[in-house]
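Protein chains in written order, with my numbering: chain C, 1 to 132; chain F, 1001 to 1663.
Do not rely on the hints blindly, as some may be mistaken.
Stated by the list, open to error - Across the chosen pairs, the derived CB separations fall in these ranges:
{"no.": "1", "chain 1": "F", "residue 1": "G1397", "chain 2": "C", "residue 2": "A11", "range": "13 to 23 Å"}
{"no.": "2", "chain 1": "C", "residue 1": "G69", "chain 2": "F", "residue 2": "R1333", "range": "23 to 33 Å"}
{"no.": "3", "chain 1": "C", "residue 1": "L92", "chain 2": "F", "residue 2": "F1126", "range": "52 to 62 Å"}
{"no.": "4", "chain 1": "C", "residue 1": "T20", "chain 2": "F", "residue 2": "R1541", "range": "35 to 45 Å"}
{"no.": "5", "chain 1": "F", "residue 1": "Y1025", "chain 2": "C", "residue 2": "V73", "range": "27 to 37 Å"}
{"no.": "6", "chain 1": "F", "residue 1": "D1457", "chain 2": "C", "residue 2": "A10", "range": "34 to 44 Å"}
{"no.": "7", "chain 1": "F", "residue 1": "S1497", "chain 2": "C", "residue 2": "V73", "range": "50 to 60 Å"}
{"no.": "8", "chain 1": "C", "residue 1": "T20", "chain 2": "F", "residue 2": "Y1025", "range": "24 to 34 Å"}
{"no.": "9", "chain 1": "F", "residue 1": "N1360", "chain 2": "C", "residue 2": "A11", "range": "48 to 58 Å"}
{"no.": "10", "chain 1": "F", "residue 1": "G1397", "chain 2": "C", "residue 2": "A10", "range": "34 to 44 Å"}
{"no.": "11", "chain 1": "F", "residue 1": "A1233", "chain 2": "C", "residue 2": "A11", "range": "51 to 61 Å"}
{"no.": "12", "chain 1": "F", "residue 1": "S1497", "chain 2": "C", "residue 2": "L24", "range": "22 to 32 Å"}
{"no.": "13", "chain 1": "C", "residue 1": "A10", "chain 2": "F", "residue 2": "T1335", "range": "35 to 45 Å"}
{"no.": "14", "chain 1": "C", "residue 1": "L22", "chain 2": "F", "residue 2": "A1032", "range": "28 to 38 Å"}
What the hints assert, rightly or not - Residues from chain F shown here face chain C by an in silico Cβ test under 10 Å; the list is partial:
{"no.": "15", "residue": "R1014"}
{"no.": "16", "residue": "A1016"}
{"no.": "17", "residue": "L1024"}
{"no.": "18", "residue": "G1026"}
{"no.": "19", "residue": "Q1080"}
{"no.": "20", "residue": "G1345"}
{"no.": "21", "residue": "S1348"}
{"no.": "22", "residue": "E1380"}
{"no.": "23", "residue": "N1381"}
{"no.": "24", "residue": "A1411"}
Claimed, not checked - Calculated from the model, a selection of chain F residues having no Cβ within reach of chain C, i.e. all distances over 10 Å:
{"no.": "25", "residue": "A1012"}
{"no.": "26", "residue": "A1013"}
{"no.": "27", "residue": "A1017"}
{"no.": "28", "residue": "L1020"}
{"no.": "29", "residue": "I1021"}
{"no.": "30", "residue": "T1039"}
{"no.": "31", "residue": "F1047"}
{"no.": "32", "residue": "D1096"}
{"no.": "33", "residue": "G1099"}
{"no.": "34", "residue": "T1130"}
{"no.": "35", "residue": "A1137"}
{"no.": "36", "residue": "D1213"}
{"no.": "37", "residue": "S1341"}
{"no.": "38", "residue": "A1453"}
{"no.": "39", "residue": "R1582"}
Honestly, the hints are just simulated from the structure, not real lab data.
Quick reminder that beta carbons are idealized off the backbone N, C-alpha and C, glycines included.
In case you want the letters, here they are:
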Amino acid sequence: MTEPKDLRLAALRRFAFAITLLNLLGHTVLGFEQSWAAPLVCVATAYAAELLLETLLALQQGRRPRYLGVGGVGVVDFLLSAHITGLAVSMLLYTGERLAPIAFAAAARNWRSRRSAEMLPALKPVFAVRRR
Amino acid sequence: MTRQQGFWRRHAARLAALALILVLYGFARMPALTPAERTALAARFAFQRTALPRLPAALAGAGGPGHGVRQVNPSVANIQGWISSVGAGVALHDLDGDGLANDLCWVDPRVDRVMVAPAPGTGDRFPLFTLDPQPLAYDAATMAPMGCLPGDFNEDGLADLLVYYWGRSPVLFLRRADVPTLSAAAFAPVELLPGGPEPWYTNALTSADVDGDGHLDLIVGNYFQEASHLLDAHAAADVEMQKSMSHAPNGGRHHLLLWRRATAGAHPTAEFVDAPGAFDPQTDHSWTLAAGAADLDGDGLPEIYFANDFGNDRLLHNRSTPGHPHLVPVYGRRTLTTPQSKVLGHDSFKGMGVDFADLNGDGLLDIYVSNIAQNYALEENHFVWMSTGHPELMRRGIAPYVDRSEPLGLARSAWSWDARLADFDNDGVPEAIQASGFLRGRVDRWPELQELAMGNDDLLHLPGFWPHFRPGDDLSGHVHDPFFVRAASGRYFDVASELGLGDTQISRGIAVGDVDGDGRLDFVVANQWGDSFLFHNLSPRVGTFLGLDLRLPVTTGLDGPGARLGRPAVGAAATVHLPDGRRLVGQVDGGSGHSGKRAPTLHFGLGRLAAGTPMRVDLRWRDAGGSLRARTLWLTPGWHRIMLGDDDEAAAGATAAGLAEGS
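Please put together the full structure from these sequences, using the hints given.
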């Protein structure tokens, strides 16, 4: 019998792969309106926010940050949630050439995921998937 | 550890997250003005609004009292409101030869008639009359006028009117030399196409000397395909809508009509010949709602900009020789931060208006384009294609323009049509105005339209798959026409409401001209299914101005009544050198835009330049023989009518005294 947690992580990885592929196709073939900078800025903002907040939380709680590898979850898996957040924001919002509003949206959206995660750490991947 | 330290420690992560988000929010906010700043910006302007007259009952004929929606082909009955959304147009021109652009030619869709009258408040110089094509073929049940382009098409010095339609090709109303008073009888209706009328659906028509032969050619952008039977309530054939919202290849054919010959007199003629293949295939079948022509690279030949609904706008670099048009599409370049549609020639935005002015002070014209850019509706952006200072790149197929609408504050307003850049307070900085609004009703149908736009392109051309847009349905039907003023920060802000121009209206065309010759530009807005209005400029504390009414000698009717006045020098370019080193540039416009046509004169706001100060003005134009000419004058602020003679050569240094006639 498979562990439920494994399934969730696998789902998250597939989602991240799928949304990355969709964005690559969108900006090369499908004709996404957003600038090429939009996904880069959103993903970078989401990563940075996720890493910063995890660092602070870990310091506060006197534990090892999860991105350093805790319970089989490495830095790549740790950032999947932020990755999906960043790409989703950049493909769903159009702000012309302005990048600040989508950076703001990526950071704010990321914080919402984290709040859910703090409340129910075990269910974080599920929340990250469902809330999108 | 104190309790306070404990608090900070417990909440450090949360507070950091909040701080991060607040900082990013700060960067994301839009610049805004304080109410006091808005009031101060608006205080420089004042306009008096007067409705244009309605069709007198005596002229209404069998048409009846008018209507609010058109009868349409049965296949598009479900989108009757959408199909009925265009037709209002207005032009300002000097029709009676009194030296002022105080005469109006406008289309009122409520009665589907083209009317000509003095602008309200400029004297009852002649009674209102209508332009009717009879005895030419015309069926009011299946045809409707869409706009009126004034110009001197037979070059006799008497202003003519070119009316374009849905349901037929345009009709020239040529001014007869033998009827002195301005009236319907003073115009002879002449088929534009010598082979007889064709079933065109024209929504863009402008004039420019495209092939550089010294005579005005006509640029025609048709919207629906020929023979759509769009306004025929008994038609058997179905109408084909656009095949895509972004790349529809099935619009009406475009035409470049080259001037061939003309005669003056009691039976005036003007002959134009179609130049087949003048446009590339994509341009040829685009859904064009506005056309503009201006010489963007200074080679004396006008480039053409087509603002297209449902497809890429097109900028065509002009490489023509007389009789041999050669127009090459040029494209902008994309960088890391450029959204796809902000590359000139690659946009999918719904172009509906175009105008030219120099906004960055580099002596090159920039291009202002209206799209659909409205909150909670469709978040496109309008365009301000700003010149990058390298017009020579056009020869290599590159459009040297980048969109600067966002930092200028002109990116968003509403569903917008004609766009105009004009200096209404003579401070040397143009204001930006737009005709806005689409379909007025009670129920907002934007969700349905968004659903349609998300649908499959292969079904879009079938009107049966469209949601209904009938009387009662509303799409951007409660917006106002913005009046953008540039603040000290360099950004434009819409102060229409502060100016008392905040009334909602459904507008299409804007004509600009100085109706009373006081140096303050006035404008007229043509409204769809409502009264149209003159906005008479009464702005206090305006700067000084230079007005140029550039004329060319006639080529026909040499001893006729128009010979003394000459014809407007459409395409002539002026560079004004101010004592502080700034250069102002402008070109006489031959009808750029959607359905509004500005007067063919040049107007430059001079700010605090003292009256009586002479300034150097360089003029460049093409004479009737097709040769480029130039002249430098020293002029003082005020209106000047200047006859650009064939006899004076590229006469640098000629003095103004004997050549310019102040008014």
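#### Entry: Outcome for the supplied range 34 to 44 Å, where the beta carbon pair is F:G1397 and C:A10
Roughly 50 Å apart at Cβ, these two residues miss the hinted range, so it is violated.
### Reported absence of F:S1341 from the contact zone with chain C (all CB gaps over 10 Å)
violated, 6 Å
### Query
Is 52 to 62 Å a correct range for the gap between the Cβ atoms of C:L92 and F:F1126?
holds, 59 Å
### Query
Is it true that the C-beta distance of C:A10 to F:T1335 lies inside 35 to 45 Å, as the hint says?
With Cβ atoms ~38 Å apart, the hint holds.
### F:A1411 as chain C interface residue, shortest Cβ-Cβ below 10 Å
holds, 6 Å
### Nearest-CB test (10 Å) between chain C and F:A1012
With a cut-off of 10 Å, F:A1012 comes too close to chain C, as the shortest Cβ separation is near 5 Å.
#### Entry: Consistency of beta-carbon spacing, F:R1541 to C:T20, with hint 35 to 45 Å
violated, 59 Å
### Message
So, as I understand it, the hint says F:G1026 touches chain C; can you test that by seeing if any CB pair is closer than 10 Å?
### Response
Since the shortest Cβ distance to chain C is 9 Å, the answer is holds.
### Query
Non-interface claim for F:F1047: all C-beta distances to chain C beyond 10 Å?
holds, 31 Å
### Consistency of beta-carbon spacing, C:V73 to F:S1497, with hint 50 to 60 Å
holds, 55 Å
### Task
Would you assess whether F:T1130, listed as outside the interface, keeps its beta-carbon beyond 10 Å of every beta-carbon in chain C?
holds, 44 Å
### Task
Report holds if the minimum CB distance from F:I1021 to chain C is greater than 10 Å, and violated otherwise.
violated, 5 Å
In terms of the numbered hints stated before, the structure departs from hints 1, 2, 4, 10, 12, 19, 20, 25, 26, 27, 28, 29, 37, listed from lowest to highest.
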